Every structure is written in structure tokens, then in C-alpha cells.
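Based on the sequences and whatever the hints tell you, model everything.
What follows is each chain in one-letter form.
Protein chains: 2
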Amino acid sequence: MATDGTNKDLLIQFIEDVWNAGIVDAADKYIAPTYTIHHDPGDPWDGMTLDLAGYKERVTRSRAPFPDQRFAFQDLLATDDRVAMTWRWVATHKGDLPGFPATGKEIRMSGATVYYVRDGLFTGHWQVTDRLGVYVQLQQASEGTR
Amino acid sequence: MATDGTNKDLLIQFIEDVWNAGIVDAADKYIAPTYTIHHDPGDPWDGMTLDLAGYKERVTRSRAPFPDQRFAFQDLLATDDRVAMTWRWVATHKGDLPGFPATGKEIRMSGATVYYVRDGLFTGHWQVTDRLGVYVQLQQASEGTR
Numbered sequence: 001m002a003t004d005g006t007n008k009d010l011l012i013q014f015i016e017d018v019w020n021a022g023i024v025d026a027a028d029k030y031i032a033p034t035y036t037i038h039h040d041p042g043d044p045w046d047g048m049t050l051d052l053a054g055y056k057e058r059v060t061r062s063r064a065p066f067p068d069q070r071f072a073f074q075d076l077l078a079t080d081d082r083v084a085m086t087w088r089w090v091a092t093h094k095g096d097l098p099g100f101p102a103t104g105k106e107i108r109m110s111g112a113t114v115y116y117v118r119d120g121l122f123t124g125h126w127q128v129t130d131r132l133g134v135y136v137q138l139q140q141a142s143e144g145t146r
Numbered sequence: 001m002a003t004d005g006t007n008k009d010l011l012i013q014f015i016e017d018v019w020n021a022g023i024v025d026a027a028d029k030y031i032a033p034t035y036t037i038h039h040d041p042g043d044p045w046d047g048m049t050l051d052l053a054g055y056k057e058r059v060t061r062s063r064a065p066f067p068d069q070r071f072a073f074q075d076l077l078a079t080d081d082r083v084a085m086t087w088r089w090v091a092t093h094k095g096d097l098p099g100f101p102a103t104g105k106e107i108r109m110s111g112a113t114v115y116y117v118r119d120g121l122f123t124g125h126w127q128v129t130d131r132l133g134v135y136v137q138l139q140q141a142s143e144g145t146r
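The listed protein sequences correspond, in order, to chains A and B.
So in the numbering used here the end of the first sequence lands on 146, straight run, no missing numbers.
So in the numbering used here the end of the second sequence lands on 146, straight run, no missing numbers.
Hints listed in this document are in silico derivations from the structure and should not be mistaken for laboratory results.
From a predicted model like this one, the values you see are computed outputs, not experimental measurements.
Warning: the hint list may mix true and false statements.
List of simulated lysine to any residue pairs, SDA-like, C-alpha gap at most 25 Å [unchecked claim]:
| no. | chain 1 | residue 1 | chain 2 | residue 2 |
| --- | --- | --- | --- | --- |
| 1 | B | Lys105 | B | Pro41 |
| 2 | B | Lys8 | A | Arg118 |
| 3 | A | Lys8 | B | His38 |
Which bits of chain B does chain A cover? Going by a derived footprint, with three or more residues having C-beta under 8 Å, they are [to be verified]:
| no. | stretch |
| --- | --- |
| 4 | 39–52 |
| 5 | 57–63 |
Pair by pair, the computed Cβ-Cβ distance ranges are [stated by the list, open to error]:
| no. | chain 1 | residue 1 | chain 2 | residue 2 | range |
| --- | --- | --- | --- | --- | --- |
| 6 | B | Gly54 | A | Asp80 | 18 to 28 Å |
| 7 | B | Met48 | A | Pro33 | 41 to 51 Å |
| 8 | A | Val90 | B | Gly104 | 36 to 46 Å |
All C-beta atoms in this analysis are idealised placements derived from N, C-alpha and C, irrespective of residue type, glycine included.
Structure below.
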């Protein structure tokens, strides 16, 4: 069974490789064959269980409007079967979103996620993000480009 | 130094007493003489450091529109100096909010909080809540009462 430290390191490496660097196929090393988005209000996959191909599709589509996105870690707490992560995120709005064509502006977000771990792979997450904050920034950015 | 289990139990008791039951003076047992709201977008005290009286004022004013509010715990992870908590919240909208007079409707929210602990007292928190979800519910509840 993985130690606490190992799960924390696993999460850091996963976020860096898959979500920050955008190496989508690196998900093979981190994501279980079935992955459940237990709670993630505003995420198009909220409540769904994905296979690995579905997870990679989620990464690709989520990153497309924000290709230079970076998660920075605030707090990390781990047990042998889960890791809690609070985070800040920054990205340039380079691709279109529903209602918000690309603005080229910097967007910031914060959130918190618990990742569930089994046998060294992530099996799902429970997440809340400050999507009202993002919405307000996108509105302001859109006004600035009109 | 407190064990992990102790900090988890401390947080559960604090939330039950102060935020769920609304026993504001119970904050004396849980809150440090200075308490910092490190990050809490949408909270009127975001970024502020409060004394105990200020903290109690925050509890009183935050609970006023939602006097029957209940936090339910999703995940709890603890170390010797912090506790991460993911949660769901439900309350009846019984008091006025800016732009939203009391509707009597049930409002649901979710969020995640890291509480920082020193010598058995909470010294601050870092929190994200799904405030867009709350905003949408308040709008719908207000339309229903018009």
C-alpha cells in the first residue's frame, strides 16, 4: 500500500504531466480503467464514469480553450487512499468557450479537489471550483475586446 | 501535539457547534485570538484577519439569512497542523441577502475548506465554494416568489 508521501508525489506528478504540460497520454500512468467524476459542478462530465479514452478526451477538450494553463498547489493532504489538493490556476483564454470567444486575456481560478487512489492509480475525484469568479472574468475580458 | 484524529474530531465538533447549531459563543473553544481568512472568494471577510469578536460577528451575519443551515461532511483529511474538509450544505433562505429578499426556498451549496490548526485552535482557513450554483438557485427561487 502506498504511503502518504507517495500519493502526494503521485498527484503532483500527474497534475504536472497531464494537466499542466498537457501530455494527454501520460494519463495511462495515473488514471484507473474506470474513473468517476463524483462531484464537479459546472464540469461537463460531472457525475459520469469514464474509461481511459474518455478521460483523455476530457483533458483534451478542457485544455483546448486554455492551452498554457498551470495549476499551482496550495495545500496537499494525503492518506493511503486519497489526496486533498487546494489550488490556484492561471491560463490565457486562447480558444472559444460557449458564449465567450477567445479573448487572449489571462484568467485566474481557484478550487479544491479530493482525488481517490487505489493501487497507485486515481479512480475519481470530488471537486469544487470558483466558477463564478471565472464567469465574471470572462465577461470582463469579453467586454474589453468588443 | 495533537494527533491527526484529534484535529479531525475538533473540526467536526466546531462545525456542529458553531456553524450548524449556531452556538456562536462556542467559538471561544475553537478559534484562535487571531484568525485569518486566507482565501474565500465571495466571502465578505476574504483576506481579513479577525479577532474572536470579529469571528463571532462573521458567524452571526453569515448565518442570519440561513438560520437552519447544516454542513454535511464529505471527506476529511488531517495532519498535525491542518484539516481539509469537503462538504455539502443545505439551508432555508429565511433572511434577506443583497439583491435577494428571503424566498423561503431550500438552497444547496458545496465547497472545500482547509482549516489551519495551532495548539488546538483554528488560526484560519482557505476555502472555495460553488457560489455560482448558489447564485443560480437564488435567482430561480426569486423568480418563483415574484
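Kindly indicate which numbered hints from before are broken by the structure, ordering the numbers from low to high. Per hint list: 5 and 6 violated.
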